[in-house]
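Take the given structure of chain A and dock chain B to it, following the hints.
Residue numbers (this note's numbering), protein chains in the order written: chain A, -2 to 600; chain B, 86 to 411.
Among the hints, a few may not be true.
Stated by the list, open to error - Computed Cβ-Cβ distance ranges for the label pairs, DEER-style: (1) B:Asp367 x A:Arg62: 53 to 61 Å; (2) A:Glu326 x B:Asp367: 56 to 64 Å; (3) A:Arg550 x B:Asp367: 48 to 56 Å; (4) A:Lys454 x B:Ala321: 48 to 56 Å; (5) A:Val88 x B:Ala321: 54 to 62 Å; (6) A:Gly104 x B:Lys269: 18 to 26 Å; (7) A:Arg225 x B:Lys269: 47 to 55 Å; (8) B:Lys269 x A:Lys454: 27 to 35 Å; (9) B:Asp367 x A:Lys454: 34 to 42 Å.
Stated by the list, open to error - Which residues of chain A face chain B? A few of them, derived with a C-beta cut under 8 Å, are: (10) Asp97; (11) Leu100; (12) Cys209; (13) Cys212; (14) Glu213; (15) Met216; (16) Asp217; (17) Tyr320; (18) Phe401; (19) Met428.
Bear in mind the hints are in silico, worked out from the structure with no lab data behind them. Please read all numbers here as calculations on a predicted model, not as lab measurements. Yeah, the Cβ is synthetic: ideal placement off N, Cα and C, and Gly gets one too.
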Amino acid sequence: MREGRSSEMSDEEPPGGGGPPPPFSDQVLENVLESVLQFLDCRRDRNAASLVCRSWCRAEGQTRRELFIGNCYAVSPARAVERFPRVRALVLKGKPRFADFELVPAGWGAGFSPWLAALATSNPWLERLCLKRMSVSDADLSRLARSFPSFRDLTLICCDGFGTVGLAAIAEHCRHLRVLDLIENDVEDQGLDWVSRFPESTTSLESLVFDCVGCEVNMDALEALVARSPSLRRLRVNQRVSVRQLRSLMVRAPQLSDLGTGSFGEGGEVGEGEGEVEVADLEAAFAASRSLVCLSGFRNHAPQFIPAIYPVCANLISLNLGYSVITAEELEPVIIHCHNLQTFWVLDTVHDEGLQAVAATCKDLRELRVFPLDGTEDSEGFVSDIGLIAISEGCPKLRSILYFCHGMTNAAVVSMSKNCPELVVFRLCIMGLRRPDRLTGEAMDEGFGAIVMNCKKLTRLAVSGLLTDKAFLYIGKYGKSVRTLSVAFAGNSDSGLRYVLEGCPKLQKLEIRDSPFGDAALLSGLHHYYSMRFLWMSSCKLSIRGCKEVAQRLPHLVVEVIRDRPEKDDDEAIDDGEAVETLYMYRSLAGPRDDAPRFVKIL
Amino acid sequence: MSPPLEHDYIGLSEISTMESSDKFSSSASSSATVAEDADDRRRQALNLKETELRLGLPGSESPDRKEKVGLTLGLLPKSFVSGAKRGFSDAIDGRAGEWGFAGGAGSEGELGKGGVSFSPRGEGGAGGQHSGQGSAGKDAVAKAAGQEKKAPAPAQASGGSDRGIAPAAKAQVVGWPPIRSYRKNTMATNPLKNKEDAEGKHGFGCLYVKVSMDGAPYLRKVDLKTYNNYKELSSALEKMFSCFTIGQCGSHGIPGRDGLSESRLMDLLNGSEFVLTYEDKDGDWMLVGDVPWEMFTDSCRRLRIMKGSDAIGLAPTAMEKCKNRS
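Isolated chain A (complex conformation) (with noise of 0.2 Å):
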C-alpha cells in the first residue's frame, strides 16, 4: 500500500481556516485515479490496472464504463453489478459457440432476465447493450426499454426467444435509440407492426440492421422512419424488401453509408400506377449514393439488376455476397471495379475463378470468407486449393479467412502461410470428414502446421481434413499467440490435445468435436484451464470419471456434462465409466448456476 503517499497527500490543505476538513486522505487518492482511469478504455489495461492493489480496484470498478463478459456464467449478475455500478455499456456473451451447430440442446440456458434484473434495479445509466448467442424474451425487450432512459444501442446477435413484439417495444419507448441492429437473430413473426412505433419525430436512429426479421415490415413506415432520420448511416433491410422498394428507401436516405439491400429482386407489392423498377432508376440511387462503403443483402437477386451497384464499387471497403448464388461470370464485372476492397463474403457457386478474380483487383483484401452453397459433404465442390492459391498470392495483407472446400492440398495452405504472413484468423473447412491432401493423399498436418509456423500474428485457428498428432504437435509447438483453436474430427490420440494445453498459453478457447482425447489428456490441462474462458469437447473419449477429477481438482471450475437423453432421471446416480456425450466447462466466480436444465448435470 502507498502509505508514503497518503502522507503527501494530507499535506495539501485548503488555505484558511474554518473551512471543511481535508478530504480523508484515501479517499483523495481514489478521486485522483478516477480522474486518471477514466482515459483508460481498452479492457486488458483496465483488467491489469484493478489487479494492482484494492484501492486501484475499486477506483477502476467505479470508472469502468463498457463491461465486457464473455461467458455470462463467468460471475453473477449481482457480483458485476456490484463491482462495476457506472457501466454504460454492457456486452454478455452467454452460448458455447456451437450452439450455432445444433450441439447445444434447446433450453441451456444464457437468459438475460437475470442480467436485466440486477442492471434495472442499481444501474440505470445504461446506453449500450450488446448480447450474443442469449436468450431474451418480449418481456425483457420491454423492460429494457423502459429501464434505461438514456439507453440508446441494441445489437442482438445470434439469439432467440424474442419477436415482432419486443422489437415494437424497444422502438416504442427508446426514446433516444441510435443503434438497433438484429444480427442472425431467430426472430419470432408474431405479426406486429413494429417499424411503426418509433416515434413520430426525428429521430436519432443511426443503424437499423434487421435483415434477419423474416417477416414483412410495413414499408411506408419504414420509409417515412427513413426520411426523419437524418443521422441514419446503415440501414439493412430484410429480404422481404424488393428492388423496388429499396430503391424508394434509397433516395429518400442519399447519405447511407452501409446498405443492406434485402431481396435486390423482384417481388414485393406493386402499388397502383407504379411500375417494376428500371436498372437505369436503380443505379442512379447509388451513384447518388456517394457515402457507400459497405454493400450486402443480395438475398435472391435478379441477375439484371446487379449492374446498378457499378457506382460505388470503386468506394466499397466491404462487401457481402454470402447469400447470394452468384457465378464467376456475375461477379467479374463487379470484382473488377473493386480496387479498395477490404471484407469480401461471397458463396462458393463463383468457383475458383471468381476467387482469381478477386485475387487479381482486391489487393487490399482483409478478410474474405467463402461459404458453401450446399453443405453437404459430398456434393460437387465449387471452390479448391487453386481458389486458396489465387487468394494468398492476390491479397497478401490477407488477415482473415474463413474457406469452405471439399478439396485442399498441404502446398495449397503453405502457399497461404508465406504469402499472408498478416494473418489472425485462419479457418479452414475440408468438408469432407477426414480428407487428406487430394494430390498426395497425405494427411492436412503439414499444410496447418505451416500456418503456425509461419504467421505469427495468428491467434485464431479451425482445422480440418485428415489430421494426426502431428498437426497438434505444431500447434503447441509453433501456435504461441493462439487463443481460440477449432477442432473437429482430427487427432489420433491423447497426445494431440496434450501437446495443445501444454503448448499453447495464450490459448482461452478450445472447442473440439468428434476426436480420440480422452481422460488422460484433459486431465494434462488442469495447469490451463483457469486462464481459460472455456473448454467444449463433444463426441470425444471422455468419461465422467476424467471430468469429475477435474471438478475436484479445480473447484472454480464448472464443469458441465451435457447428456441427449433429457427424460432420463436427474436423480440417477451416473456412472464414473460413462462415456461423455459433451463437455463444457468454464472458469466461473459464481458457483455451479442454478438455472441448469435436466440434461445438463454439473459435476
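Below, chain B without anything else, positioned relative to chain A:
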C-alpha cells in the same frame, strides 16, 4: 504417409456392405440397412462396387472387392472393349434397363437413435456406414432430426430410370459442416430463382455442367437434373448443337453449309463421328453412358462432344478404372 486405419475410433469396427466413397455421392451412404432386405442390398452393393471410382490405395480395399469386380464384368454389354469407340446411342440402348436401382435407395431414416453422427469416413472409400453402429450416447441424432436431411428416397430396386427417385439422401453428421443454422435456414427458404435464361446459375437442385463441342465457338451449359436418362440428355444436346458443323458454325436453326440438320447431327453422333465424353470428379475423361444415370450426374463435371478420331486412346472408362485398381 499411409492412411490411418478406418476405424471408428471408439473401436467399433465398421460393418458396411454399402461402401461409400468420396467420389461417389449417389451411393446409398445413408443408414439404409433396416429399410431394405439383405438381398436388395447385396445386389445394389454389387452394382455399386463395379462402377465405384475409388482412390484405392494398396491394401485399403475390402477383401471381397476383387471378386465382385470380376463377377459384374459380365453384366456389361459386349461392345465394351477398351479403347473402342462407342456411339452414344449404344450406351443408351445397352443400358436402359439396368440402372434403375438408381443407387439411391437410401432412406435417410436414422434408425431411431442410430449413429449417424459417428461414422468415420476415411479416404478412398470404405467409408462409414451410418448403420445402427451408433455408439452409446449417440442420441445426438435425436436432435439431428430434421436437420440437413434430404427428402427420403423410396427404396426401390426396380428397373427403369424412374425420375421419382430423389438423389440418394446422404446421411449427415450433426452440425457438420459447421454452417450456422441461420445460414442454412436462410438459404433453404430462398426460392429457386426463375430462370428465363436457360443458362442461368446454380441453386439447389440444379446441376449445370458446361458442354463444349470441338469446333464450336462457345460453350453451352446444361442442367443435368432436368434430364432423367441418357436419351433425354442426348436429344437436348443434339438440339443445342445442331447448328454447328465440323469446323463451321451456322446460325441457329439454319443448316450450315453442309446442310446439317438435327437428324444429321444425330447421325453424326450415332455413327460415331462424334462421341460424347465427360470429365469426372477425378479429372479423367470418360465415355458417357457407362455408368448408371444417377452416378453419371453426380460425377460429371463437364461434357465434351469430341470428334470420334480424338476419342481413341481416351482415358479408360469407369469400368476399366475399376479393373485396373483391383
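Results of checking the hints against the structure:
For the pair B:Asp367 and A:Arg62, the beta carbons lie near 60 Å from each other, so the given range of 53 to 61 Å is met. For A:Glu326 paired with B:Asp367, a C-beta distance near 26 Å fails the hint of 56 to 64 Å. Taken as a hint, the range 48 to 56 Å holds for the pair A:Arg550 and B:Asp367, whose Cβ atoms sit roughly 52 Å apart. Distance hint for A:Lys454 and B:Ala321: a CB-CB separation of about 53 Å, consistent with the stated range 48 to 56 Å.
Separated by about 56 Å at the C-beta atoms, A:Val88 and B:Ala321 satisfy the suggested range of 54 to 62 Å. Range check, A:Gly104 to B:Lys269: Cβ separation about 21 Å, and the 18 to 26 Å hint holds. Distance hint for A:Arg225 and B:Lys269: a CB-CB separation of about 37 Å, inconsistent with the stated range 47 to 55 Å. Roughly 32 Å separates the CB atoms of B:Lys269 and A:Lys454, a value that falls within the hinted 27 to 35 Å.
At about 38 Å, the CB distance of B:Asp367 to A:Lys454 agrees with the hint of 34 to 42 Å. With a cut of 8 Å, the hint placing A:Asp97 at the interface with chain B holds, because the nearest CB-to-CB distance is about 4 Å. Annotation: interface hint on A:Leu100 holds; nearest CB of chain B at approximately 5 Å, less than 8 Å. About 7 Å separates the beta-carbon of A:Cys209 from the nearest beta-carbon of chain B, less than 8 Å, and the hint is met.
Look at A:Cys212: its Cβ only gets to about 12 Å from chain B, farther than 8 Å, so that hint breaks. With 8 Å as the threshold, the beta carbon of A:Glu213 stays out of range of chain B, its nearest partner Cβ sitting at about 14 Å, so the hint is violated. The interface hint given for A:Met216 is violated, since its Cβ lies 20 Å from the closest Cβ of chain B, which is over the 8 Å cut-off. Interface hint status for A:Asp217: violated, as the beta-carbon distance to the closest one in chain B is roughly 25 Å, over 8 Å.
At about 6 Å, the closest approach between the beta carbon of A:Tyr320 and any beta carbon in chain B falls short of 8 Å, and the interface hint on this residue holds. Checking A:Phe401 against chain B: minimum C-beta separation of about 6 Å stays under 8 Å; hint holds. The restraint placing A:Met428 at the interface with chain B holds, with a minimum CB-CB distance near 4 Å, inside the 8 Å limit.
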